[in-house]
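For reference, the chains in residue letters:
6 protein chains.
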Amino acid sequence: MSKLKVAVIGCGSISRHRHIPEYAANANVELVAFVDPVIERAQAYAEQHGGKAYADYETMLAEVKPDAVSVCTPNAVHAPASIAAAKAGAHVLVEKPMAVTDEEAEAMIIAAKENGIHLMVGHNQRFMPPHVKAKQILKSGVLGKVLTFRTSFGHPGPDGWSVDGANSWFFRKEEAIMGAMGDLGVHKSDLIRWLLEDEVAEIGAFVGTLHKQGTDVDDNASCILRMKSGAIGTLVASWTYYKGEDNSTILWCENGVMKIGTHPDDQVIVELRNGTVERHKVGAISTNEKQLSSEVINAFVNGILSGGEPAVSGEEGRASLKVILCAFESQASGKFITVNE
Amino acid sequence: MSKLKVAVIGCGSISRHRHIPEYAANANVELVAFVDPVIERAQAYAEQHGGKAYADYETMLAEVKPDAVSVCTPNAVHAPASIAAAKAGAHVLVEKPMAVTDEEAEAMIIAAKENGIHLMVGHNQRFMPPHVKAKQILKSGVLGKVLTFRTSFGHPGPDGWSVDGANSWFFRKEEAIMGAMGDLGVHKSDLIRWLLEDEVAEIGAFVGTLHKQGTDVDDNASCILRMKSGAIGTLVASWTYYKGEDNSTILWCENGVMKIGTHPDDQVIVELRNGTVERHKVGAISTNEKQLSSEVINAFVNGILSGGEPAVSGEEGRASLKVILCAFESQASGKFITVNE
Amino acid sequence: MSKLKVAVIGCGSISRHRHIPEYAANANVELVAFVDPVIERAQAYAEQHGGKAYADYETMLAEVKPDAVSVCTPNAVHAPASIAAAKAGAHVLVEKPMAVTDEEAEAMIIAAKENGIHLMVGHNQRFMPPHVKAKQILKSGVLGKVLTFRTSFGHPGPDGWSVDGANSWFFRKEEAIMGAMGDLGVHKSDLIRWLLEDEVAEIGAFVGTLHKQGTDVDDNASCILRMKSGAIGTLVASWTYYKGEDNSTILWCENGVMKIGTHPDDQVIVELRNGTVERHKVGAISTNEKQLSSEVINAFVNGILSGGEPAVSGEEGRASLKVILCAFESQASGKFITVNE
Amino acid sequence: MSKLKVAVIGCGSISRHRHIPEYAANANVELVAFVDPVIERAQAYAEQHGGKAYADYETMLAEVKPDAVSVCTPNAVHAPASIAAAKAGAHVLVEKPMAVTDEEAEAMIIAAKENGIHLMVGHNQRFMPPHVKAKQILKSGVLGKVLTFRTSFGHPGPDGWSVDGANSWFFRKEEAIMGAMGDLGVHKSDLIRWLLEDEVAEIGAFVGTLHKQGTDVDDNASCILRMKSGAIGTLVASWTYYKGEDNSTILWCENGVMKIGTHPDDQVIVELRNGTVERHKVGAISTNEKQLSSEVINAFVNGILSGGEPAVSGEEGRASLKVILCAFESQASGKFITVNE
Amino acid sequence: MSKLKVAVIGCGSISRHRHIPEYAANANVELVAFVDPVIERAQAYAEQHGGKAYADYETMLAEVKPDAVSVCTPNAVHAPASIAAAKAGAHVLVEKPMAVTDEEAEAMIIAAKENGIHLMVGHNQRFMPPHVKAKQILKSGVLGKVLTFRTSFGHPGPDGWSVDGANSWFFRKEEAIMGAMGDLGVHKSDLIRWLLEDEVAEIGAFVGTLHKQGTDVDDNASCILRMKSGAIGTLVASWTYYKGEDNSTILWCENGVMKIGTHPDDQVIVELRNGTVERHKVGAISTNEKQLSSEVINAFVNGILSGGEPAVSGEEGRASLKVILCAFESQASGKFITVNE
Amino acid sequence: MSKLKVAVIGCGSISRHRHIPEYAANANVELVAFVDPVIERAQAYAEQHGGKAYADYETMLAEVKPDAVSVCTPNAVHAPASIAAAKAGAHVLVEKPMAVTDEEAEAMIIAAKENGIHLMVGHNQRFMPPHVKAKQILKSGVLGKVLTFRTSFGHPGPDGWSVDGANSWFFRKEEAIMGAMGDLGVHKSDLIRWLLEDEVAEIGAFVGTLHKQGTDVDDNASCILRMKSGAIGTLVASWTYYKGEDNSTILWCENGVMKIGTHPDDQVIVELRNGTVERHKVGAISTNEKQLSSEVINAFVNGILSGGEPAVSGEEGRASLKVILCAFESQASGKFITVNE
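First to last, the sequence lines map onto chains A, B, C, D, E and F. Numbering follows full-length UniProt numbering, in which position 49 of the first sequence is assigned residue number 49; successive positions increment by one, without gaps. Numbering follows full-length UniProt numbering, in which position 274 of the second sequence is assigned residue number 274; successive positions increment by one, without gaps. Numbering follows full-length UniProt numbering, in which position 27 of the third sequence is assigned residue number 27; successive positions increment by one, without gaps. Numbering follows full-length UniProt numbering, in which position 273 of the fourth sequence is assigned residue number 273; successive positions increment by one, without gaps. Numbering follows full-length UniProt numbering, in which position 170 of the fifth sequence is assigned residue number 170; successive positions increment by one, without gaps. Numbering follows full-length UniProt numbering, in which position 121 of the sixth sequence is assigned residue number 121; successive positions increment by one, without gaps.
Check the hints yourself; a few may be wrong.
To be verified - Covered, in the sense of this in silico footprint (three residues per stretch, anywhere, with C-beta under 8 Å from a C-beta of chain F), are these stretches of chain E:
| id | stretch |
| --- | --- |
| 1 | 49-62 |
| 2 | 140-151 |
| 3 | 202-216 |
To be verified - Sample of chain E residues facing chain D (criterion: CB under 8 Å; computed from the structure):
| id | residue |
| --- | --- |
| 4 | His17 |
| 5 | Ser162 |
| 6 | Val277 |
| 7 | Glu278 |
| 8 | Arg279 |
| 9 | Lys281 |
| 10 | Val282 |
To be verified - As a list, the in silico DMTMM-like pairs of lysine to aspartate or glutamate whose alpha-carbon atoms are at most 20 Å apart:
| id | chain 1 | residue 1 | chain 2 | residue 2 |
| --- | --- | --- | --- | --- |
| 11 | D | Lys243 | C | Glu245 |
| 12 | A | Lys243 | F | Glu254 |
| 13 | E | Lys139 | E | Glu254 |
| 14 | E | Lys243 | F | Asp102 |
| 15 | D | Lys281 | E | Glu315 |
| 16 | C | Lys243 | D | Glu271 |
| 17 | E | Lys281 | D | Glu271 |
| 18 | D | Lys145 | C | Glu271 |
To be clear, the hints were calculated from the coordinates, so they are not data collected in a lab. Everything numeric in this text was worked out from a predicted model, so none of it was measured. Glycine is no exception: its CB is placed at the ideal position from the N, C-alpha and C atoms.
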């Protein structure tokens, strides 16, 4: 079998830490092109992994004709780059949020369908062992129905993560469109939908720029969610958790509680009304390189090679994005927004 | 000095666990009357502590003419009983929520003023050592400004706490008016106002009856708050935390985070950006009886005897109540509600 | 529904701690007679719970005609008392080991069948939450096939447990027939059969009296077992674990290990080859009276009332006994003994 | 003093991790030759440490005439290589099991005696600090007589340890003769003999190949031992502890229990009947290079240089081997085997 | 054998908690008299245990003629009461400090000798399991010579311990003569002498009344000691450790350190230079009544009955007292004092 | 601004670990010269950091004319080198003890004043986060007055720390003058003065050479201190804590206790009489390079550049030295020595 020729569009931190090394470690993949407006970044990867460097993706798509692309650009470019790739016949793995408007997301799905390509959205939280285990427990029924929940994602902001530090595109509204909500909030809207196998019915949100200087994207959001099932809960995204970082979810259910990501050693803890407690250590997984990976790239490659459904489809990415977009609408209108009837 | 003659109106759990034993332990107090429609309850206390038993407070006020009363009735009776007591010249300690409408609260304040009596609201969270310590740290300035927060209060519901179990007035809307929000939420609106020395500017809330059977009062509420200072956060009240009980508050600030009530041994934990961590064990306080008490009764008695301002004034109680009332309004209207401009 | 009339034959420690209080707590049961050659013991229970006291079970059966009996006598009396009760039409719950020879066990099963009564053997280990949980995990298949195991039960001996201390029947060979193997070993042969859903194929055993004075019953046994499935392991029973008491079982399987009863807080621990660890706290179960009970008495009563199969049948008790009897035969013959082909 | 000229016969994992580096670190030793049928392995060590490389030990012994050799070959070669070395006048350190039959072991002892050389068997467990400490405590008498014990050694098998992985000689019966019993079981027969200063009187064993594929050597053994003193216990060796690895020994004694290797921090724990507990942390020994070594090589070199008795004599090695050989005989015959009268 | 007739002179806290209950629990003792100037206290014990009550010991000795007495009076009465008892032919157990001057101590020893009675001083620290274990380890030689040490005893003062609270004789100089040094310091001078089997050669001390009000006895002392062996160290006694109570001793030796009483669970910890650590849990000793006792009374009674040497002789008590007296002399003179040449 | 030209006099361990790397990391400093009689050491640093190497400081001062110097020589050279530097117009940072007699210290202060240079003494304990936090707490008043204390500093001696090992100048009396007291004791006299803002009034000390071989400098000192405030306590310095190393200070105060450096995780622990406990983790400070430094060099450079007072003045260094000198005098005279009236 010949290898899948993959191009990476956008060479920032997410490419450096996840996409490029995971493609490089995948025996079925050949990295054939790297794209970044800062051409030196693209060239550095080309030297390291082979393939060519480009400053723009149109030229790359035309010249290289890759089998598949990862779209790791600033948010505003997710849709145009993905659609261009789809039209060039390339399978697309696009980072989250998959787009910055619902229309864009819809257009991406249509483009994928029309061009017969595999479109996957990079919602990596679904692949993390604690979340996989949590879903498995929920489905076992031991906890009964979820009644109320809390899910949050907060860290000190992309200043310390991005390759450009405080000058990152994350802080430029025209490129990022969204701040903490696009970076972190969409992870949690996707997680809660997937975990509960439920849809957000209605949302209320306070979204604002509370502390980051020189930017007008949101650095904090506090939201309330009502699910179709009737469960209610809170969803929080923050770039100003300078200490007390948090990527946790707690589900209070009819028969007890499930705590995910609240304890450093035991990533999933179930406490039942009958007094039993189960502690699951699923994340501190030794030296097995594959397990330390995000699993997203492998899922994308396997999906293409097996001809199966995308592990996280465009429809799923669109639904999770819509929750976030409605949060902004709530903030703007002072009203709760109906996400799904 | 002759002792303060105190009558207790309402002989349910809060009287049993807090008001009656703490009055009995206070050397400056004489318990002179107990009131409860279930007259046997009142009689049992009268036998134990002296004083007379009554089935209604009007008769008691007329016959006993107490110096002071505790109002520990169902929520709907808080205002009428307090106003009657004030008119009878008795100082009033009223349980939270002080009333069930803002108009009632205002009338209570006016009645207190007109009759020259001391009106205090029983917001005991302000007196708990972890909260006292937390406020002291916040005021020291070491953490800088509060940016975002989370405060929640959840337990399995009053079924297990009330002297009447599942038949408690807590579940009867005409007496309780409010459920978890009146029982627990108002504690947290009061706490966050007092701790931050800030006012709630705007609130959005999902309030509902998710799991308790045979009642139409709320058993869960998820709220978002915007403070006058600009800080945003979540406030949660729940009667369906069957496991995973929680009375915690986390404040993410400019210089670090303060966690209150999140750790069983160390009730207040401060983690600063410079790496220092302070752990305060303030609550597991040995055998000193006074410190194990709620401090509310002592504060009330001392306030009366010293002629000072009430430790928790009617105005404070009214402001904390208003946050809760606006939450219900938000739920009803589908809009955010402006609490204070 | 009229209550089940139950008589308890034998009023030693197992009756005191388990049978009598659990019958007393069962709403469907009326205790009607107590039998013990030390008549004062029987009388004391009769005074406490009602019913009559007898020194011998034949008289009791004839006079009282109970619906059901518990046989809690020394081992040598298990079979004759059970058969007598069966012939008197009483359902029988017999303590373990159900008999002291395989022929006796067979006769008991026949007597039960012929008289249409419910015969259950008191193998309480099957009802303990850690064992219930362990079996559930094994059946889920996550661990794969059991390859090798270790199961042991050791404590300082019945000197400290029996109502007669060092003068207990446990040390008199004519009444006990077996020592640690009858007391503890049969628990483990039953557990391993039930847990693995497998039968012991072959056994080798060293059984002896190593330390207890003035007795010729065994105080220690070290056995090796080969199961029908091919798994091999060790089974140990001891009355001389003066410290380091142990009632644990470890199963090494294809995909990892399960440790039962090795950790004071987490009664079942599963460690998989892929690095995940699950810790189950199932035994420290709060105040729920039913769960603190052995469950054996309730299972017996429910079995009778529902007309279902015995929770632990005579056939099961016989098979677990046979393992122990073969261990003695191995010790005597210096050979491995085939238990089941 | 001129240095001791040492040759290493067999360049697999045990040479790599223990013999070669420990000889290299010993100031009184000069490494003069390395022997391995895979000549590249021998050459690599010769390049690193000086000396010559050989494919067979006869040539080496003839040409190099070493003062001493380490025999680190597959089990089947232990005896012939040792005898050849002895006849060439070289002192011999032979890995365990020292031979694969009792006759071979006897021949080695005779060859050593006739040629006046120092013969030592590499039973390194005797030198481990926890075992040294355990023996010291046993000899102090504080625990009284050992009554019953459990000793086991299990890991996932040599697939992960050997330089040849799953293709290792460990799995080839003609070279290994024995599997887990020769690799691990003999460690424990030696340890229990040495620790208790007692001899195994009788053994019963189930030995089999339960899970390893493509091999007919044993991967599991469950044994029962009766000591001359009367103590009984179990001895287990396994290559299929894929999790739950174990190299522990527990001794239940008249006055309490000693647990060796059961706790990660405290390698020897003594619990007495009078309530005292002693915890000994003897193994996590800082940076002292000598203590991190096996001590075997130093003991061998010191024994030669001082002219003293071998630290672990051929007679000792033979006795520990005999226990293992009898285990195989028990498995084969279905009987207990008398090891020593 | 007829029982030993014992009288207790002084009925304060030490009698209540130790002497009286331990005599009462000793099968060889009959309590025949209780003496206290507060006659009600003596009468209460007489009612409880039998025997007679007296307000003064002379009358008691004359009338009752006890076989033995415990002297539990204020310090100043230790010598006169002990000498009177000795002259009356009674064996004497005297509390520490045995006297308030060296001359008194000498006179007591002489009186005991002349009257042929058994004189023991109540230095209970010698009998505590951690100290017994520590001495045993020191004598084993594993630690080598003691080089330097620290021993201290501090608590919040006798205000909370004495039956008379802040009005205790402990604070009245004419009765107590010494404060913290007599109460606590003499425990530590005795312990260090006994533990090291060494004598104090020279002492320097700051002794003063730093915080207790209305008393002129010492509440704090900081001392330096030079032992005959050359070891130096500090000895501290304090009645103002309002938190951070301490009864610990650390010995830094040639081969490592021994920490006694520094850890709540492990009362004796030995850390050697070679990296080994031994932790001894000897004090949390279950329900064995004898071990929970001070052992002092049993040692006294056994000494008398066996006719052996006193467990803590008058000479030993005198030597430990002398250290304390020299500390006062050092404080007074501004010089180091030679205790023993 | 041109950089501060700094010369380092003495290139032993303290220069290697603290002075040289911290100057090198300070952007306002240029290292211009290194002085050591072992010229190779000086040359090695010159090669690494630029600047010149010298064998004696006089030549260096004359040729290089540095702006500032660090004096890191043996103790006996501290004063002459500092005075020479001052006369050459260089600012001086001198290691502790600043001198070996009080007269020298006075002369250094005068020389600094006369030459208008900045003189700082390297008492780094004042800058350690636990001590900074402890002082802040003491000044808050929460603990009230310090009543008694214990401060000690012990390790296995400079044999393991010095670049010359056991041949270090630390053991040569003519260069070191003082041993453990000059190395460690002066840290604690300085700390206790600074922490309590109090002066030592009187001292008694046993100082001696107990275990180190081939040296006549002190390896142990046990001292008692009386402060001007009346507080008393112990101060210990030792080079023979072969295990049980200790750099801790405990202050028992009117309202509770403060423990500094007694717990590995929480460097400052405050326990109050009212039951509250505060634990401060201030030392394990992440990756911030500046905080891991001693802060001494930065304080020196900042002091010079800002023209402010020295962070630790000559007067402070002199007062802390005087305590140590009086300890030696006490040992010599057998008397307590008045340090300050």
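Verification of the supplied hints:
Counting residues of the stretch 49-62 of chain E whose beta carbon lies closer than 8 Å to any beta carbon of chain F gives 0, which falls short of the minimum of three for the stated coverage. Here the stretch 140-151 of chain E counts 3 residues with a CB under 8 Å from a CB of chain F, which clears the bar of 3, and the coverage holds. Check result for the stretch 202-216 of chain E against chain F: holds, 7 residues qualifying (beta carbon to beta carbon below 8 Å, three or more required). With a least beta-carbon distance of about 22 Å to chain D, the hint placing E/His17 at the interface is violated under the 8 Å criterion.
Here the hint on E/Ser162 is broken, as its CB sits about 31 Å from the closest CB of chain D, past 8 Å. Using the Cβ-Cβ criterion of 8 Å, the hint placing E/Val277 at the interface with chain D is satisfied: the shortest such distance is roughly 4 Å. For the restraint placing E/Glu278 at the interface with chain D, the shortest Cβ-Cβ distance is roughly 5 Å, inside the 8 Å limit, so the hint holds. Restraint check, E/Arg279 versus chain D: the minimum CB separation of about 4 Å is within 8 Å; hint holds.
Because the closest C-beta pair between E/Lys281 and chain D is about 4 Å apart, less than 8 Å, the hint holds. The beta carbon of E/Val282 is positioned within 8 Å of a beta carbon in chain D (closest approach about 5 Å), and the interface hint is therefore held. A hinted pair counts as satisfied when its Cα atoms are at most 20 Å apart, and D/Lys243 with C/Glu245 does not qualify at roughly 24 Å. Between the alpha carbons of A/Lys243 and F/Glu254 the distance comes to roughly 35 Å, so the proposed pair goes past 20 Å and is violated.
At most 20 Å may separate the alpha-carbon atoms for a hinted pair to count; E/Lys139 and E/Glu254 meet this at roughly 14 Å. A distance of roughly 39 Å separates the Cα atoms of E/Lys243 and F/Asp102; the hinted pair therefore is violated under the 20 Å criterion. The straight-line distance between the Cα atoms of D/Lys281 and E/Glu315 is roughly 40 Å, outside the 20 Å bound, and the hint therefore fails. With a CA separation close to 6 Å, the supplied pair C/Lys243 and D/Glu271 stays within the 20 Å bound.
For the suggested pair E/Lys281 and D/Glu271, the alpha carbons sit about 9 Å apart, so the restraint of at most 20 Å is met. Restraint check for D/Lys145 and C/Glu271: not satisfied, since their Cα atoms lie roughly 36 Å apart, outside the 20 Å limit.
Hint compliance for this structure: hints 1, 4, 5, 11, 12, 14, 15 and 18 are broken, all remaining hints hold.
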